[in-house]
Amino acid sequence: MEKQFRESIGTALDDAKLSAALGKFSVDYKVNRAKIYEDTDFEALRSQIAACKSYAAEHMEELAAEFTKNAEARGAKVFRANSPEAVREYILQVAKDNGVKLIVKSKSMATEEIHLNPFLEKEGIEVAETDLGEWIIQLAGQRPSHMVMPAIHLTREDVADIFSKEVEERLSSDIPRLVQLAREKLRPKFLQAGMGISGGNIAVAETGTVVLVTNEGNARLTTTLPKVHVAVIGLEKLVAKFADVAPILKALPRSATAQLLTSYVSMITGPAPTDDGGVKDLHIVLMDNQRSAMAHDPMFKEALQCIRCASCLNVCPIFRLVGGHVFGKVYTGAIGTILTAWYEGLQQSEDIQGLCIMCGACKDVCPGKIDIPSLIMEVRRRLVQNEGVPLIQKSIYQVVNNRKLFHGMLRAASVASKPLSKGGFIRHLPLFLSDLTEGRSLPAIAATPLRDSIKKIEQPKGLQEKAVFYAGCLIDFAYPEMGEALVKILNKAGVEVLFPEGQTCCGAPARYSGVYEVAAKNSKDNIDALLSVAADYVVSACPTCTVALNEEFIATFKSLGQTEHLPKAEQLAAKTMDFSTLVKKLVDEGRLSLKEGQQLGKITYHDSCHLKRSLRADQPPRELLQKAGYEISEMFECDVCCGMGGSYSVKLPEMSAPILQRKLKNIKDTGAPVVAMDCPGCVMQIRGGMHQDGAGVQVRHTVELIAQQLAD
Amino acid sequence: MYELFKARAERAGAEVHRFTTKAEAEAYIVDLFQKEQVRDETGHLVVWADCPFLDEALKERVSTLPGMRFTVSRDNANAARIGISQVDGALAEIGTLVQDATAIDKRLVSMLPEVHLAILSTKTIVADMPAWIAQTNTSTLGSYIAMITGPSRTADIERVLTIGVHGPRRLVVCCVDEMGGVA
Chain A
1 MEKQFRESIG TALDDAKLSA ALGKFSVDYK VNRAKIYEDT DFEALRSQIA ACKSYAAEHM
61 EELAAEFTKN AEARGAKVFR ANSPEAVREY ILQVAKDNGV KLIVKSKSMA TEEIHLNPFL
121 EKEGIEVAET DLGEWIIQLA GQRPSHMVMP AIHLTREDVA DIFSKEVEER LSSDIPRLVQ
181 LAREKLRPKF LQAGMGISGG NIAVAETGTV VLVTNEGNAR LTTTLPKVHV AVIGLEKLVA
241 KFADVAPILK ALPRSATAQL LTSYVSMITG PAPTDDGGVK DLHIVLMDNQ RSAMAHDPMF
301 KEALQCIRCA SCLNVCPIFR LVGGHVFGKV YTGAIGTILT AWYEGLQQSE DIQGLCIMCG
361 ACKDVCPGKI DIPSLIMEVR RRLVQNEGVP LIQKSIYQVV NNRKLFHGML RAASVASKPL
421 SKGGFIRHLP LFLSDLTEGR SLPAIAATPL RDSIKKIEQP KGLQEKAVFY AGCLIDFAYP
481 EMGEALVKIL NKAGVEVLFP EGQTCCGAPA RYSGVYEVAA KNSKDNIDAL LSVAADYVVS
541 ACPTCTVALN EEFIATFKSL GQTEHLPKAE QLAAKTMDFS TLVKKLVDEG RLSLKEGQQL
601 GKITYHDSCH LKRSLRADQP PRELLQKAGY EISEMFECDV CCGMGGSYSV KLPEMSAPIL
661 QRKLKNIKDT GAPVVAMDCP GCVMQIRGGM HQDGAGVQVR HTVELIAQQL AD
Chain Y
1 MYELFKARAE RAGAEVHRFT TKAEAEAYIV DLFQKEQVRD ETGHLVVWAD CPFLDEALKE
61 RVSTLPGMRF TVSRDNANAA RIGISQVDGA LAEIGTLVQD ATAIDKRLVS MLPEVHLAIL
121 STKTIVADMP AWIAQTNTST LGSYIAMITG PSRTADIERV LTIGVHGPRR LVVCCVDEMG
181 GVA
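Residue numbers (the working numbering), protein chains in the order written: chain A, 1 to 712; chain Y, 1 to 183.
Bear in mind the hints are in silico, worked out from the structure with no lab data behind them. Warning: the hint list may mix true and false statements.
To be verified - Distance condition first, Cα-Cα at most 20 Å in a straight line; then the derived DMTMM-like pairs of lysine to aspartate or glutamate: (1) Y/K123 to Y/E178; (2) A/K189 to Y/D75; (3) A/K185 to A/E166; (4) A/K227 to Y/D75.
None of the values given here were measured: they were computed from a predicted structure.
Taking the hints into account, I'd like the entire structure generated from these sequences.
Okay, here's the thing in structure tokens:
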């Protein structure tokens, strides 16, 4: 990560105004979004959008041709441009041909992408952005920090300062007055402009229609008053049928601003009459700039399903800390990372891709049903492939790839960290490692790892059902007591627990860093180990590991084209279950009983990202805890990431820390003396945070709590 | 259908009134002229786009009122207090008006004045967007179809909702049950 970029993170984190604005927005957005979708089957809606947009991505060339034919038949001029230069030159030529001196623009990310304004201004043409947010940004000489709300990082005082300079008069920060000023200053420009430039939210091939949505009404004026209208539209905006407009117009305003519909929708099909008795000179620029290349990429074609609602920014725990000027380039946030990698080049995404903590919150709300985290992971993989792995990381992964060496070092670390640990925690690490313990104590490496202690557990003889236990590094080496609790529970239900010693790291750290070869080697070693003994199922008490066994081994092999390993990977995936789902099932089947009539008091539950959003198993642990006698008191933002993110907290501790602090506050606010969770990684993060915080809230894995409540 | 449309349009900030006859609607409109103090002065005109509701008899009755303009230009629309146009339908589920605004005067009167008064035949309200699309002949789409949901708005400064940026601050919808010969 570039030093300069690192510094920009620090500056953004220290910007109190920015974090207040974004923090409040992220909270409001969640509430408003939920309300506006109340009566809507979101899954059905987004499946419909994903279907029509993926069809469009696969038939991009045909649809572009059909759109061109139909729009031209209605009298529009359609220009297909492959590069940003071609778009800019075309627009300049049209402007020159018409003697245009002033252009009004309605909001368009496509023109931001090609840096159109500075280009036209250099040619002596005045360009006025007319969307209020864009105008503010233009006057301030900045770039949008958010796709839908370009000036969200600025306060009313900032805007008053910016406008004051423009009108050379000291203005108050009264918002209606500032808005009125924009109306008064921009109205004459609409009336005088020789050309209007817009983007396009949807382009319908069947009819040659361009659909524009706005709230302010500036797109209507931009496309009506000037004699010439140029619409710049990315090829990903194409859809086949006019009927496809309906689901997109249903989701876009709901997801973007929690509105049923924007104030205005304009559907333009060919030139309409102008007020001088003539007709509009309508130009539609279909811009490629890597979109057709994306359409041919088996993984990234999915990103073309984006409808630019920016909900992935609005729910992102990282975006709300640093905003779009750090997390993004022209396009910001999660989808912005992917678009930057394509539109500006893979290298350009190197810094920003590292900001994604892989919590999956964006994937859950994406109306285009894009698996955004997986695509960012693929960006990582390709970066590593192109640029190689940094030297220090490489040496770590070489260790991880050699199980005996890796485990040997962990054992050695247990001894080495002794002088630093106190009460099971490492509070401070020396020198450059000290950031790792900032705001969080790390667990001491256990003196006896689970792989040794499990051998000493005397399991009942003659049990028919067998489960292979996949521990994962944290339970194996830091929290063996969680593994021991799991053995106790399963034994009670009549299940024998097997622990194949060849099991090693699940490969998630390597995979999430884009080092897929290492992850593949881990996958292969684990498949061999876990399938080496006959068992009814494989169980893990770490959701990240479970997802690795369930999905990611397969995805890694597919990405690398190592298809020979797929049959065994699929065999393993079919047998894998997470702890809470399995135990809930055993309880439901009457094979496991918990103590009756216990009143254990209040507890709050933290949803681990992978358990909630990949495994969709947020209910079984809650049901188990309630059955055991706990009364669940839900915390605010219970399913927001704790900031651990595997090695994220090591790479970006300055980002991880404020996320953790927010989580600790939400936990403490419930007043519950215990917080439960299903992920040892979250336990490490939250228990460590609670330890330094000193609040005394117990942080427990569900497995530990359930093991205490087994009926005799 | 009307009730849902009214509720949703009002949620978006529109004012919705229902009249049984054209005469009742006319009385309301004339009353609105007075309340908005329209007159022959820049900023206070009425621009009325050609539409079936505005038949010859009505035109004659209101043409004696001050500030009335039936020939619409960008200049008089920009100088108008009220712009009037008839819309072609509405979407109940989301409180949206639908208008084939290919004719330039329909767009000018609904964009530039402070108040947009939209006349809607109550029976043209349909359930939702898919219902409207289903009844639309895609081979004869108007060049400029406008959908209007509430007044012009922005939340670009600190996400504070502010009404009337570039378009009308007020959207008044007059739903008429019996349009007579006009739909």
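Verification of the supplied hints:
no. : hint             : in the structure
1   : Y/K123 to Y/E178 : 9 Å, holds
2   : A/K189 to Y/D75  : 13 Å, holds
3   : A/K185 to A/E166 : 10 Å, holds
4   : A/K227 to Y/D75  : 15 Å, holds
Checked against the numbered hints given earlier, the structure satisfies every one of them.
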